[in-house]
Amino acid sequence: MSDYKHIGKDFTPPDVVGKVTGKARYAEDFRADGMVYARVYTSPMAHGRVVNIDTSALDDMPGIIGIITADDVPAVEAPGAAMLTNLPVYIGDPILAVAAEDETTAENALAAIRVDIEPLPFAVDPLDSLVEGGPDAREEGNVYVRSREGSGFRRIKWTPEQIDEFRAGREPTGEHAAEWEYGDVEQGFAAAEVIYEEPFVTVGYAHMSMEPRTAMAYWENGKCHLYASSQSQSFWMPGLARLLEIDMADIVLISENTGGGFGSKIGAYPMAALPAWFSKKIGRPVQLRITREQEYYVGSARVGFQGWMKIGFAANGRVTASDVFIVEDIGPNATGGDGSSAAGAVSLVYDPEAMRFRGLPVLTNTTPRGAQRGPGQNQIAAVMAPIMDRAARDLGIDRVEIRRINAANNATTVYEDQEPVTSAYMKEALDMGAEMFDWERRKQKPAKNGSKVRGIGIGQGYHSAGANGYDGLVRITPDGKIHLHSGVGNLGTYSYASTVRSAAEVLKCDWEDCVIHHGTTEAHLPWSSYQAGSNTSFTHQRANYVAALDAVDKLKQVAARMLGGSPDDFDIDGKRVFAVANPSRGMSYADAAAHAISLGGTFSGQEVPEDIHEVTRRSVENLAGSGLVGVAKDNLRKEGVVPGLAVAFAEIELDLETGKYQILDYVGIAECGTVVHPQGLAAQMKGGAVWGMGMAGLERHVYDPQNGLPAGVGYYQCRIPTYLDTPSEIRTGAVDLPDPQSPFGARGIGEPAMGCSVAAITSAIADALDGHVFNRTPVSADMIVNHVAGREQSFVALQTNNF
Amino acid sequence: MASFDVMPHIELYKPTELADALELADRLGPRGWLLGGGQDTYGWFKDRAKNAEAMIDLNGIEALHGIRETADGIEIGAATTLREIVRDPLLNERFAVLPAAAARVASPQIRNVGTLGGNLVQDTRCWYYRRGLACYRAGGNLCYADSPQGMNREHCVFGASRCVAVSPSDTATAMVALDATMVATSVDGERLIPAGRFFALPETHITRMTTLEPGEILTAVRLPARWAGKRFYFEKVADRDVWDFALVSIAAAFDLDGGNIGDARVVCGGVAAVPWRLREVERALRGRAPGADTGEAVAALATRGARPLNYNHFKLPLMENLVRRALREPA
Amino acid sequence: MNIAEFKRDVWGREVLLGVSWDLLWVIVALSFAFIALHAIGMAVLGRRGPKPSSDGPRVARHAAVDRAFHWIMAVSVFVLLVTGVLPIIGIEFAWLTIHWIAGLVLTVVVLFHIVRSLFWLDLKSMWIAPRDLKEPFDSSVKPGKYSLAQKSMHAAVTVLSLLVIGSGLVMFAMIDTPWWNRTNALSESTLGWVFFIHGLSTLLLIATISLHVYFGLRPEKLFYLRSMIKGWVSRDELEAHHDSSRWSAGESN
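Chains as they are written, first to last, in the numbering used here: chain A, 1 to 803; chain B, 804 to 1134; chain C, 1135 to 1387.
I should point out that these hints are in silico values taken from the structure, not numbers from a laboratory. Each hint should be verified, as a subset may be incorrect.
Here are some of the chain A residues that sit facing chain C, going by a computed Cβ distance under 10 Å [unchecked claim]:
no., residue
1, Ser43
2, Val115
3, Asp611
4, Leu709
Note that the structure is predicted; figures quoted are calculated from it, not measured. We treat Cβ as the ideally placed atom computed from N, Cα and C, and that holds for glycine.
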């Protein structure tokens, strides 16, 4: 362990008490004088054109305040998600909203409004749209390609023979829309001892945040005050300004707590902006609350995959080449990019000597997709794990060993451009996990016990876990308090608090003297990254570090000015800045802050660095003169990909008669550089584990292809795992080796914490079934029962969004 | 179709005497709604998929609560909570299959307020029907689930007649296995209905799950001493161990005569609109000793005559496996 | 009171569900009111001429095969009405299989009757000619084999039966049977029209059949009922009610 004061130590984030006692306020808990209640009318049709909206029934309904339709809000260019639309592209696409004095009246109004929609063709399975003559999810086309060269709609069709060939597990020959490659793939396969070709499906599923995305907005003195449910804080501002068509300076965003976003609330979303437009129209504060069902609709979902994978292994277990083809279900709004990310993860976690990726993002009229914890990386982790196991078995190599042989390390290069990594210790993580799990003993599989068989699995997770270039802001006030301004959203991981501890570390101050400011624009927050992509830990340790360094520098300058000498003569500790030569010559932080105020200029934020972001600049301007201000942009060195890595070992007991399995033991190992917040890390690893268990066996989208209806819009229907579906104890550990490009050595971990879990479970299921690979998530009880009984599965090969 | 979640305006009656409740039920008829634990009711109303003018809250009626020993067995008031049933010593001693079934209902929180009566009369979970679609069960002209590409993994394999919904009740299977008598009370008096005739198939009652008539209240169930202390088995297979409804469940009672089975009740849940008695299995079991061999011998009879839909043929091997387990597991 | 009921389809659009079964009571009430008024009217105002004798020479009116058709049809229609209507008014039983079997019987016998009447029977004897319309107003105008009332009854039953059978066959195709599994091949609005036609023609059949049964049982017309059972009328009865120049009874078989 380090001898840091704060880094690597547990602490109690300030919002914990509120969450335990129920005092924590979420967007729905706020009220404003004269506030009205709005509800949304969402499309009942998977794809259609609104031809008439008849609101005449509302004319004599008391308590109705107003109606807002697509004509009242800015149009969004296809395929973007509309705030309100007259061309719904999925069941649940918002068409209009009604405001009333109370919610019941608003719902009565929704029931009375008549919306005529002309149906248009729709598709809920990408392959149904891809086949010649198949429906296009949007009138503009059935494929949307995003690339550096330009983005746009395409209409791509495969012949029925090509579809059949794909379903049969052969290499797809149909047109694709994205491709990258490194190394000599052909040569790689030629050098392989064994080659596997597998088709696979990972069914998409809803984010289903606990907190449906309620928002409340009002306008005051030209400023829009918005209470929203967001994952990020400062990062929301530019997007929100675009949605509201106003300047960022005129937005006050309040998001103190968020009941889960999981990737669905990363940036400002249309449903948050809608009450602001509505409030502007009717001149009263508007709270827009959506139903659980509507959260399913607009709350987005993981991208589904229908793919084909070819992978070759040398006799020594090394992956020589891999070829990945992924048809991505990108929903109606062309949100995704998971396919290429999945292939990128393969390039890092299994480090093939040569690799090719081909992708085809296909639009469907299912709920919009969005990044969900490990978007792409975690789907492919689930697919890869049993294939690695098969290779190990066929080559006579231990299953841990084959992963060690291919493990990412400091010399690994990744992705299309074969970039370096900042550091990577997958081998160490595997070793640690194997030891904690007692792999050597457990791999001696016990005999079948009645109808029950044991299976053990190994999973590996990866996500890039760090960005750079954001701002940090700290402030010391004359009362001696250290104010840590965090533009990081409070999405439940406590990263808003744990990252500012790097500033406390630099300032060598006690945690009790620190005050965290976050959760509202009025707390004067610096520009921050999004709270997604597992980056916050790495990114904002750095930003807070540079801001604190700036503060320390200013403390020394103030001391030098006041006490004479050069700033270099001074040092800090014990909330004092003092001369190294004579520690009694110095002053407290409090006094230094008071002096900083009188000195003005950069010391108290009257002047700001040139390179900081507009959001930070405005915050500093508002804080100017209130203390000693440390503010800086993170210009530290950052070269290469920052990997977040995780490994999981799981043991299951699978009942061949019921298709059910119990997870008996689970060990999750984080490889995320230095551990910053042990409890927070353990919680991340456990939360990720549970989520992965849900993806492996339970959660999925189900759509009726005949009418486009979704089967699982309720909370229980989404089959999120519960306490009784997960092991009572989930053991975690961390490699805890510092990353050289992080001031305190930390990288992120959020997403890999789940990827390793889903992979460990699919690996364990295959192990329990003597190596049978379903090549599909989730693996549900019915699939296992059918397999054991020697029956065909109910679905067509590669079918998706089905039971 | 809009999406709703606010409780609409609805009258609420809270009678404390059964007679008042019966009078209300009689007066309101189909316009009224009997309220037990409310765990299903509130969802229907908040979704506006069903509506009623008034709810008659039965929880305040003392006579509907409690587990009582009678001359011929045990009587359970319909408003008794599932938790009380799970924990009742008498039931656990004599009719353990019922507490075992009740313990697998939904979640601990729901069992704390959910009532036996409510669990028995609850409506099907067919997701099309729950969506508020006007299918056969809702008085319409078609079934969405039994269609060429319908998503019908959780639907029936027996007893379909236009509608392919299944009974979601875990305790219902136990009731049939125990030859329980359901006490339906109305202003006209009591009507005793054997459990096997209480639950209704769509061929006769396509819009209802039971044969309770409007104005009638399920006031109690009676478990006859005939099955007290016999060998029982209950198992429910669901996707998750909390919340989810049975993919298939089994409730079995074996009356052992010496070492052999004299009489047996083997009932599956999740396979038909009613708890489905495996009569051929029951017949075949007579005179056989319970055990793995017997299970193996009779398992295939469990699914004779089954008509699986597109996504639910897994229920056939699952049913057969559950029969095997019921006979294999020691009491 | 609505004639039709509507519902929301799978996408929330309002579509036809079928006939409003409240109409059943209206139909029943109207039929009984008519019957009651007619019976009273006949009792009060009816001309009581001498009743023709059923003795004497007999004339063949309905061949055995046609009588069999009539009664098979009657039984199947009765079964169809009972199995179709009772569940709607709350008497629940497993009606569907009986209903479609009876429906198939009806379909077969009606097809038989159509073929037979096209090729073997005198189609014109059932045709309503302009001259027939004078019947009710001019007592000197006597009908051929069938009176205007009978022809009208037959026309109504023909139209309604064909409608109810046609729509019934479409509905039959929409359920699971021993020969096929159901599909949702028809849109919900189309299905609504099918149900509407089936329901409405059923309701009108109830009225028509009520009148048919009533007139069949009226004392002055009982000989028709007998002819449908035994096949003959007496020469007297024929002369009293029919114009033998327009119906050469002897030729009829």
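Evaluation of the provided hints:
1. Ser43: holds, 9 Å
2. Val115: holds, 8 Å
3. Asp611: violated, 54 Å
4. Leu709: Hint holds; Leu709 of chain A Cβ to chain C Cβ min 7 Å, cut 10 Å.
In the structure shown, a violation is registered for the earlier hint numbered 3 alone.
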